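Undergrad: So the sequences go chain by chain: A and B. Numbering of the first sequence is given in the numbering used here, commencing with residue 1 and proceeding in unit increments. Numbering of the second sequence is given in the numbering used here, commencing with residue 1 and proceeding in unit increments.
FYI, nobody ran anything at the bench for these hints, they're computed from the structure. Don't take each hint at face value.
Which copy is meant is left open, because identical chains are indistinguishable; a pair holds if it fits in one copy or across any two.
With a straight-line Cα cutoff of 27 Å, these simulated DSSO-like cross-link-like pairs (lysine-lysine) come out [what the hints assert, rightly or not]:
1. K26 - K92
2. K132 - K92
3. K132 - K26
4. K26 - K7
5. K132 - K43
6. K132 - K16
7. K132 - K7
8. K92 - K7
9. K16 - K43
10. K26 - K43
11. K16 - K26
12. K43 - K92
Every value quoted in this text rests on a predicted model; they were computed, and no experiment measured them.
Number of protein chains: 2
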Amino acid sequence: MSLQPWKILQSRYLVKDRWLTLRADKCETAKGQTIDPFYILEKNDWAHVVGFDADDRILIVRQYRHGARDICAEIPCGVIDDEDATPLDAIKRELLEETGCVADHFESLGSVYANPARQTNRVHSFLATNVKLVAEQQLDEMEEIEFEFLDIETVMDLIDSGEFSQSLHISSVFLALRRRGLLDRAYHGNRNPF
Amino acid sequence: MSLQPWKILQSRYLVKDRWLTLRADKCETAKGQTIDPFYILEKNDWAHVVGFDADDRILIVRQYRHGARDICAEIPCGVIDDEDATPLDAIKRELLEETGCVADHFESLGSVYANPARQTNRVHSFLATNVKLVAEQQLDEMEEIEFEFLDIETVMDLIDSGEFSQSLHISSVFLALRRRGLLDRAYHGNRNPF
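Make the full structure from the sequences, and use the hints.
TA: Set out below in structure tokens:
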């Protein structure tokens, strides 16, 4: 493979606050082309969880997402804070805060890039089983989150209708169904089989 | 459902050039909380394609991604330009430019949000069949892209190893296998079945 990374000749920060870190790089490609500016968002890693209850229903959260200006159905997710020792600690915390749920078993589904072209961060994906409600939500002042357990077929309906439309989370739903041997149930609603 | 969108009280642009549009909104939540700033990236929609050749192998591209500082295996993708009449036109153009390939048949796998929390754009996902090489690549000066057709099992290996690590694209690979009735082949390499 002949592909080579770019060199960073110079970096400057355009925004650096609690909410966003935007960097502009001056780069040189392996072929010697100069690219300036190439914008990069430095971000903390994220974590999310595909949580199944004892009946194999998936825990879905809904919240307003201002980028899309839409109410989105998703899976529980959040930013890994500096005080989280591991991605697993982060997602256990987010699950409890957003939904008041805990789980008997967690396992990693791997980590991928959120957007490798412009963002530095990875997304750590988890599968949880025997998820159950044990507490009240503990939301930040600006958070408003609704949640419910939905069977796999209903989640596929939400994906097909566009209501569950967070791409990063669809990927993990399929990886979780694969890990659990439940991909046959993903065929529900497949409108145009070859 | 009680969830309500936020009101935008004021918007200002921090960066607005060919490569990036960064907006800071002053918002009011439905509960009356003020949020300022909430950063939004205004972006054109994207398109990508899961392309199968006549032997059901998937067309994979590799390129350097500067956000991740990594060489990433992905599917052909690109920004929908103002001159593209439709998302389908855009992905046909990208497929030809990045790989020199055309396809007999395209169909939509739907569209989702790239990151509904902070980005405005959608990602339009396509399935293509009978993809074949007909021309040379036509790359931009700064682009360097390698491509090859890989069987479904090898693509699953790349996902498991982290080499194919673009979350938005993993989602579409699964949606394409679902549409084509090939999800059983996604079990390849599943290391920990329940």
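Undergrad: Now look at each hint and say whether the structure bears it out.
TA: Verification of the hints:
For a Cα distance limit of 27 Å, the shortest separation of K26 from K92 qualifies neither inside one copy, at 39 Å, nor across copies, at 31 Å. Taking identical chains as interchangeable, the C-alpha atoms of K132 and K92 lie at most 27 Å apart only when both belong to the same chain, with a minimum of 12 Å there against 46 Å between chains. Neither within a single protomer nor between protomers do K132 and K26 lie at most 27 Å apart by alpha-carbon distance, with minima of 49 Å and 37 Å respectively. For the homomeric pair K26 and K7, the shortest alpha-carbon distance inside one copy (9 Å) is at most 27 Å, but the shortest distance between copies (37 Å) is not.
In this assembly of identical chains, K132 and K43 lie within 27 Å of each other by CA distance neither inside one copy nor across copies; the values are 31 Å within and 38 Å between. For the identical chains of this complex, K132 and K16 are neighbours neither inside a copy (39 Å) nor across copies (46 Å), given an alpha-carbon limit of 27 Å. Proximity of K132 and K7 under a CA criterion of 27 Å is satisfied in neither setting, with 49 Å inside one chain copy and 34 Å between copies. With identical chains, the CA atoms of K92 and K7 are never at most 27 Å apart, being 38 Å at best within one copy and 32 Å at best between copies.
Proximity of K16 to K43 under the C-alpha cut-off of 27 Å is found in both arrangements, the shortest distances being 11 Å within a copy and 21 Å between copies. Proximity of K26 to K43 under the C-alpha cut-off of 27 Å is found in both arrangements, the shortest distances being 19 Å within a copy and 22 Å between copies. For the homomeric pair K16 and K26, the shortest alpha-carbon distances inside one copy (18 Å) and between copies (18 Å) are both at most 27 Å. Proximity of K43 to K92 under the C-alpha cut-off of 27 Å is restricted to the intra-copy arrangement: shortest distance 20 Å within a copy versus 32 Å between copies.
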